[in-house]
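These protein sequences, in sequence, are chains D and B.
Going by the working numbering, the first sequence wraps up at 326, each residue one higher than the last.
Going by the working numbering, the second sequence wraps up at 439, each residue one higher than the last.
Be a bit skeptical, because a hint or two may be false.
Mimicking DSS-like on lysine-lysine, the simulated pairs with C-alpha atoms at most 25 Å apart in a straight line are [claimed, not checked]: (1) 423(B) - 321(D); (2) 423(B) - 315(D); (3) 321(D) - 426(B); (4) 2(B) - 321(D); (5) 384(B) - 321(D); (6) 5(B) - 435(B); (7) 121(B) - 79(B); (8) 83(B) - 54(B); (9) 393(B) - 426(B); (10) 388(B) - 321(D); (11) 321(D) - 5(B); (12) 68(D) - 2(B); (13) 384(B) - 423(B); (14) 426(B) - 415(B); (15) 393(B) - 321(D).
Everything labelled a hint here was simulated from the structure, so no lab data went into it.
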Amino acid sequence: MKDLYISSSPHIFSPQDTPWIMRHVIYALIPGALAGIYFFGIPAAKVLVIAILSCMVIEALWQKLLRKDFTLQDGSAALTGMLLAMNLPAGSPWWMVIVGSAVAILLGKQVYGGLGNNPFNPALVARVFLLVSFPVQMTTWPQPRSFFAEGADALTGATPLGALKSAIFEHGTITAAPQMSLMDPFLGNIGGSLGEISALALILGGVYLLARRIISWHIPFMYLGTVALITGIFWLVNPDTYANPAFHLIAGGLILGAFFMATDMVTSPITNSGKVIFAFGCGVITVVIRLWGGYPEGVAFSILIMNALVPIINKYTRPEKFGVVK
Amino acid sequence: MKTFKGGIHPPDMKELVNRVPIVDMPLSAVFTVYVQQHLGAPAKPIVEAGQKVKKGQLLSEPMGFVSVPVHAPTSGTVKAVTKQVHPVTGLLAPCIAIESDGHDEWVQGIPRQQDPFTMSKDALLASIRDCGLVGMGGATFPTHVKLSPPKDKVIDTFIVNGAECEPYLAADHRLMLEDPERILDGIRIALRILDLPHAVFAIEGNKPDAIALMKSKATPEIQVEELKVKYPQGAEKQLIQAITGREVPSGGLPMDVGAIVQNAGTCAAIADACLRGVPLIERITSVTGRGIRTPKNIRVRIGTPLREIIEFCGGLQDPAKVIFGGPMMGIAQYSDQISVMKGTSGILVLTGEDTNISSYAACISCGRCVEACPMGLIPSVLSKMGEKNQWEKAGQFHLLDCVECGSCTYVCPSKRPIVHFIKHLKALQRAASAKSKGA
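This is chain D alone, in the form it adopts within the complex:
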């Protein structure tokens, strides 16, 4: 018997490998990306294409330069590009998208040794880097219009959360903010990052990830639940100063963050109890920033801060070992 392979057991493996997971997360993001293209038009599509391609090219160049194995086939660079694009304003200039891609791939991932070793979500590292480096471009929000609408340049304006923040700053009450129906953020007819606007499309993708068992319910449900609970309490106490929880759930980046960013396997805790603690922390920090912080939105910061706490969460949430004598 020649040419037999020898290895330790087991000898069979689940077909759900890393490329499979990344591919299905990308599938799950497609409805949200399409909603962005529908409401913001060609510029949104450009940002998506530039980010995905730049992330892939930059990763390959880096690995070529350092004579490392190519890892494009694992799909993580493409996914990072897609997530980054969905976290940017649809009108982002092309050079800024490329800078963001380089930050995500190099500072967010490769400097730590590549996929699996990065402590922070690469796309969020890039988003925050761009936000502090290019604050004007990163807060210039094109307003939604139908893809088929006639007309020249898109108008820009505030996001719903931004409008809320301004109203509080200027008038001390949210009643001064323009009234909106919850249907607009549910469908995506609002200003915001190109991939965060349509709660409906993102929930579709999230349900797909849950059904495929790529993510478990712990992070998204706990994250959303914590935000809903705390904002709900404040809204009940003082609805003039605090927006209602439904608005907080769907009017910003929370759905995108809860289903697609906080659930990043590499940068979230390994056990289910750890995930619950992690998501609770994300929820609390998001609410603190939104209600009392300087920024209107806190999803990206909260996830990054909790990313930093993952090692310590892992340490204190080890699974219960079989056969411990009680």
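Based on the hints, put chain B in the right spot on chain D.
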């Protein structure tokens, strides 16, 4: 339905052989019987080249309590006491080569009629030991030792393991369908030895025909229990947890929670040993996988060369791995100069499509291994420590509690050979503790 925490659901692939009746493997011209076929102290060969032997004759003598003899699988002449690659260790190991005389004659006194229900317990245990019985699920621990719990241990549960949770394998399944009475006889004898009123016969739900048949044949003291289909349902600790709800303590034995488990095939061998004095010289094994032309369940003598079995099953097609045992815990073989042992529950030939022969990537901390681990460990962390030879640190992550069931490695999306790393760490730990004892 009863089950345990964790586990996985690999495709069971049993349809290749689970409807194929057992056939007798023709006698070989030359058998090679390994002297060491059990877990425990070695046995010493007591025959020499040129000596005539009869079927069932002792070939080796056990050395110590946790040891069992081996017997001649047929009548003939001892060709040599030689060495051959051992399917479990992969090293050259002593074996006794017997040239068949074609008569297949029993040694005097076997088979004989015995009434196990009038014999003393000690006499029954002696029969079981003298007949060379070991756990036939693959672990090969001497059966008489398992059936002799120390006096201070109160045993209240006897479980018969008919789970056969390894994918592909159907040897126990066929045995249950084709020879139920032998298994039931063995169970009743074991109950007598253990002084217990009843036994639980646990069978995975993917064998409804065996469950129905056993329920119809079982006498009231034998309770047939259906188990949820999940790997590793047949692992001893997980089976005990499923049936009794008790967890065998870390570092402990089943008897610490009052349980004793015997495999269904072992129970059939207990019946042979105690009713007829027949030693363990043959077993049922599944020869299966897409790499073998005609998958079969064979009744095969211990010591039958692998090459002849492959030929008998139509030969190989695109083989990538030849495995003794199942795909989850079986051992990949590099030589065909090996022969069937008492613990060979299956001979599995996988094609390149069935098995992963590519490289692995970094851990992405997905936690799937943690969910799958039936022992409540963090396999991903152990695998990273394995890469760095950190066996001391791995001890804090309960390295020695790993039962090597392979669930973590099956689900790993980065294809990390986690069990391999864990075995490596255990070997480092063993070497270090041997060194410190020697010093």
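Problem set entry | Earlier hints that do not hold, by number | The structure breaks hints 6, 7, 12; every other hint is satisfied.
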